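Enquirer: Residue strings, one per chain:
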Amino acid sequence: MEERLNTAVNDRVWPKEGWSRVPFWVYTDPDLYKRELDLFFYGRSWNYVALECEIPEKGSFKRSWIGERQVVVVRGENDAVHIWENRCAHRGARLCWKNKGKEESFTCPYHQWNFALDGKLQGVPLKRGVLKKGGMPTDFDNATHSLTKLQVHVENGTIWASFHSNPPLFSEYSGPQVMQAIHRHFPGRKLKLLGYNRQLIPSNWKLYIENLKDPYHATLLHSFLITFGLWRADTQSESLPTVSGHSLMMSRNVGKKKTDVNDGMTRFKDSLELHDKDSVTPLREFDDGQVVAITHFPSVVVHQQANTFGMRHIIPKGIDSFELAWTFFGYEDDSQEMTRLRIRHANLYGPAGYVAMEDGEVLSESQAGAHHADAFNAVLEMGGRDVEPQDHMVTEVLIRAFYKHYREAMGL
Amino acid sequence: MIERLETLTSGELPAANELRSLTEDVRALYEDVARQLDDDLVEQFPDFFIDDCSYQVVSRENFAEGLPQATIYCDGIAMVRDRVIALRQTQVYVPRTWRHFISGVRVMAVVDGQLHVRANFMITEAMSDQDPTLFLVGQYLGILVNIDGRLKFRQHLAVYDNHHVRRSLIVPV
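Going down the list, the protein sequences come from chains A and B.
Numbering-wise, this note's numbering comes out as the position in the first sequence, counting from 1, plus 637.
Numbering-wise, this note's numbering comes out as the position in the second sequence, counting from 1, plus 69.
Everything labelled a hint here was simulated from the structure, so no lab data went into it.
Incorrect hints may appear among the rest.
Quick look at which bits of chain B chain A covers, simulated, 3 or more residues with Cβ under 8 Å [stated by the list, open to error]:
1. 139-146
2. 155-168
3. 227-240
Pair ranges (Cβ atoms, derived) [stated by the list, open to error]:
4. Gln113/B x Leu676/A: 49 to 57 Å
5. Glu741/A x Asp181/B: 16 to 24 Å
6. Glu112/B x Glu741/A: 53 to 61 Å
7. Gln113/B x Pro652/A: 48 to 56 Å
8. Ala195/B x Arg1044/A: 50 to 58 Å
9. Val891/A x Glu112/B: 25 to 33 Å
Since we're looking at a predicted model, the values are computed, not measured.
C-beta: ideal position from N, C-alpha, C; glycine also.
Put together the whole structure using the sequences plus the hints.
Expert: Below you can see the structure in the form of structure tokens.
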């Protein structure tokens, strides 16, 4: 009998099978986690932080996160959007103490250094001293002590940020297929905020990325989806890996229908009916009749399912925990009826979601399983062993493609 | 209906003796609901509501900003019944034990036969192989009506203080 230690004591070496295996140390190694933060979140990438409708007026602000660093997204003069790190240029205290609000400028509570909406240092109390004693040196120049500013990109109502001084073009980073999907959900119509939902899931953040690259589980775990025809294995679908670790999953809402495929699924409940039919009956919104999920690496998943839209912001909190911050939205010009449906269909999602609740469960259990299992690997051969786009959902191709990208970027 | 009904924080109140008795009835209602939920008797949950009801488990964030979406959103008794159906028929989750702790039950106003009430709640959660942890903390805001001598919810809000829900919210609060 081969004996195997749980811990791989050598340098991190990827299994010889390549991208159809994921070693469990990927979810538990703290040094790798730090490298991921630096490379993917704080490096030459774009991160989702907010929607324009969350900061409607001059001075409106919202705190947000990129990786484990907190930023403040501010509406400045002339509709400009500014994003700076929530850390005073003086001695590093967080200076913005509210999640959302409106200010004319930002004053750090500690020593009252005052910053303009764009993060420039405007005022330093007692700069010239008191009674000819103290004060700043004469060569102290406010201009060199502004808050840490991030690059900003606004795309049809969505706001993105980069810590890098020279990030790629947003369209290049996203790639043409993801850009097309973004414009499908964000065609330039003004957005309307419907609400927030936040979960703290005790698993490595990458397991959530993988979750939305795993259409295979959607048709098996999420009984609610298949029972009410919101997502089914026998529907025309696509699993599309794209550049930079992003991907798209496309399917259709076809309604309840018993077929041979569902017969094989233990969780399909043919005779199940809801009392409130509207909860699972979408108003057709898109001519193509499609349901599209966009995974934009590393920071966000954008869902469009039934009549609910949402940004699912992925915020790592340590190696084995992450916040999933949901922002539900619609359009300003939605009818009352559409808004009513959007709020109803949001019941699918969030921590109590008819669908999403189960993801929180299996992710937590996955992390528990990965614990002290460095020498073992996840097996990803559903749909084959390659990384090419596929026109169905019975596949793990998106996860394989993701780890192809991950290994190249991380040098593994 | 999209907006939440306003739960009054002050207003007309009956005389002291009647108020005391009413408060007892309100406390009994919340505790009965909690006991049944904790004992996994969720099928009886819809009986505590009138048909034209509203039941929401909502974050303080959404509540304070007047945002209409809620973590659990039920507009009418049909959606409350659907929560029970989904829980029993479709939801997949690791079994655990929840326990409610309710305090600070107060009747804030009695207007047009409707009681505007509030209470504090705290729920602990114990996975089968772990010790209890604090799961959800917040405030019940209720608008109750008397139906044939029994208090029922016209609107039942559980506004939770948590910034995050830890892991999953499986059962009504």
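Enquirer: Now tell me if each hint is right for this structure.
Expert: Here is how each hint holds up against the structure:
1. 139-146: holds (count 7)
2. 155-168: holds (count 7)
3. 227-240: It holds, with 8 qualifying residues against the three required.
4. Gln113/B x Leu676/A: 49 to 57 Å: holds (53 Å)
5. Glu741/A x Asp181/B: 16 to 24 Å: violated (44 Å)
6. Glu112/B x Glu741/A: 53 to 61 Å: Given a distance of about 55 Å, which is inside 53 to 61 Å, the answer is holds.
7. Gln113/B x Pro652/A: 48 to 56 Å: holds (52 Å)
8. Ala195/B x Arg1044/A: 50 to 58 Å: Given a distance of about 40 Å, which is not inside 50 to 58 Å, the answer is violated.
9. Val891/A x Glu112/B: 25 to 33 Å: holds (31 Å)
Violated hints, listed in ascending order, are 5, 8; each of the other numbered hints is respected by the structure.
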